[in-house]
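Chemist: Take these sequences, add in the hints, and give me the full structure.
Which chain is which? The protein sequence lines are A and B, in order.
Under this note's numbering, the letters of the first sequence match residues 1 to 226, in that order.
Under this note's numbering, the letters of the second sequence match residues 1 to 226, in that order.
There may be inaccurate statements among the hints.
Repeated chains share a single entry, so a pair holds when one copy, or any two copies, can fit it.
[As the list claims (entries may be wrong)] Okay, derived cross-link-like pairs now, DSS-like style, lysine-lysine, Cα gap no bigger than 27 Å in a straight line:
no., residue 1, residue 2
1, Lys-214, Lys-122
2, Lys-39, Lys-22
3, Lys-39, Lys-62
4, Lys-22, Lys-62
Honestly, the hints are just simulated from the structure, not real lab data.
None of these values were measured; they are calculated from a predicted model.
2 protein chains.
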Amino acid sequence: VGVLDADVWGFSVPRMLGALGKPVGFNDMILPLEAHGVKVISMGHFVPEETPVIWRGPMLHKAIQQFLGDVWWGDVDFLLCDLPPGTGDVSISLASFIPGASMLVVTTPQDAARKVAERAGKMAERTNLRPLGVIENMSWFICPHCGEREHIFGEGGGREAAETLGVPLMAQVPLVPALRAGGDEGVPIVVSDPDSPAAVALNEAAEAVVRATKSKVGKPLQLMAR
Amino acid sequence: VGVLDADVWGFSVPRMLGALGKPVGFNDMILPLEAHGVKVISMGHFVPEETPVIWRGPMLHKAIQQFLGDVWWGDVDFLLCDLPPGTGDVSISLASFIPGASMLVVTTPQDAARKVAERAGKMAERTNLRPLGVIENMSWFICPHCGEREHIFGEGGGREAAETLGVPLMAQVPLVPALRAGGDEGVPIVVSDPDSPAAVALNEAAEAVVRATKSKVGKPLQLMAR
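Modeler: Here it is, written out as structure tokens:
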């Protein structure tokens, strides 16, 4: 699996995956960093974490092009691209470079977030991307003191977005302090505490993605079909 | 007070302020909508909430220019511009249209968010905007069942961002379900429940902004000074 952090301005994937450091070059290609068995490339590998990337769209386009074309991803089963919020230059560029790619729409349960996420999903349809499913984040919070469940951000946003876009709701990920802490420390909760309800939900989402994706693994080549 | 929703792709201000409807024109100017005594203009007033705005940078630039120049803001004390996340086209354009404007940096307590917010604040310095202060959102959660306080998103992000940027931490806004609900229903918590800890924190932030802003109100004109 490879992770391309396409959020050029708001990069945070290197910190969250613990993939810090500088990529090295090899035969005119850039080798991605590796963390927890995942290959990662991000603008954060090329500028200090403190430095703002004050770029307009054409520069973003070029960065995405390089991340896709000049990075030696090797034979990955999945290349996940973390998109910035919105329906702007990065999303348009990515859709033009890899038409037909699948898009996972992430929302919180709340109406205001759902509306923005639905627009991103509709953008996918218009730009030759394929909305694959919805993941609801911050679905509820379980108080570590009394064990009660609280729907801080409301309820139903993931379900409604999935219905609007005609795709399945792949997972509801509860808000767990350990998930946030793992992100800040570079150890994802699926590694640090795989039995946590949040990790279980994230693994469910990963399995749903695998199931939903057409794969040629194990299938005979149809070279003689026509 | 006027609110210019500069998040052209991710607009949600009309819903959150309850300023829905269509603006009308008057003498070649656009009249902003009004809600709770606040004038509002947003891309959400010109396209249906369901429609994605699939625009590259130059179109965003033009939209911001129109929101600033073709909207009849009148004699407002403050014009608040809600920026999209990131340090891209909208921020660059806005900085070029209103150099010297002040920027409020909003972060959560968590490290990953703080780093992104700090970069936005540093971008302000480089583009002739003035970082004015930091507002920490989602600072902690008070369980409505047992009353315990939980720092879901960690601690210290607002304080650290303020120190890095050399500006005051203006408020810490706790995570309160009523705040989210008010946003979805179009009635801000400062209106619906002004005694809520979140509303108190937001009012503190507003007062800090007023104090931090140079004002000529009540001061004699210094026409003869030189």
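Chemist: Tell me, please, which holds for Lys-214 and Lys-122 at an alpha-carbon limit of 27 Å: within, between, both or neither?
Modeler: Answer is within; shortest intra-copy Cα gap is 21 Å, inter-copy 44 Å.
Chemist: Tell me, please, which holds for Lys-39 and Lys-22 at an alpha-carbon limit of 27 Å: within, between, both or neither?
Modeler: Within. Shortest intra-copy distance 13 Å satisfies the 27 Å Cα cut-off; inter-copy 48 Å does not.
Chemist: Between Lys-22 and Lys-62, at a C-alpha cutoff of 27 Å, which is it: within one copy, between copies, both, or neither?
Modeler: Only inside one copy: Lys-22 and Lys-62 sit 20 Å apart there, 38 Å across copies, limit 27 Å.
Chemist: First find the shortest C-alpha distance between Lys-39 and Lys-62 inside one copy, then the shortest across copies, and answer within, between, both or neither for a cut-off of 27 Å.
Modeler: So Lys-39 and Lys-62 pass the 27 Å test inside one copy only (21 Å; across, 39 Å).
Hint compliance for this structure: no hint is broken.
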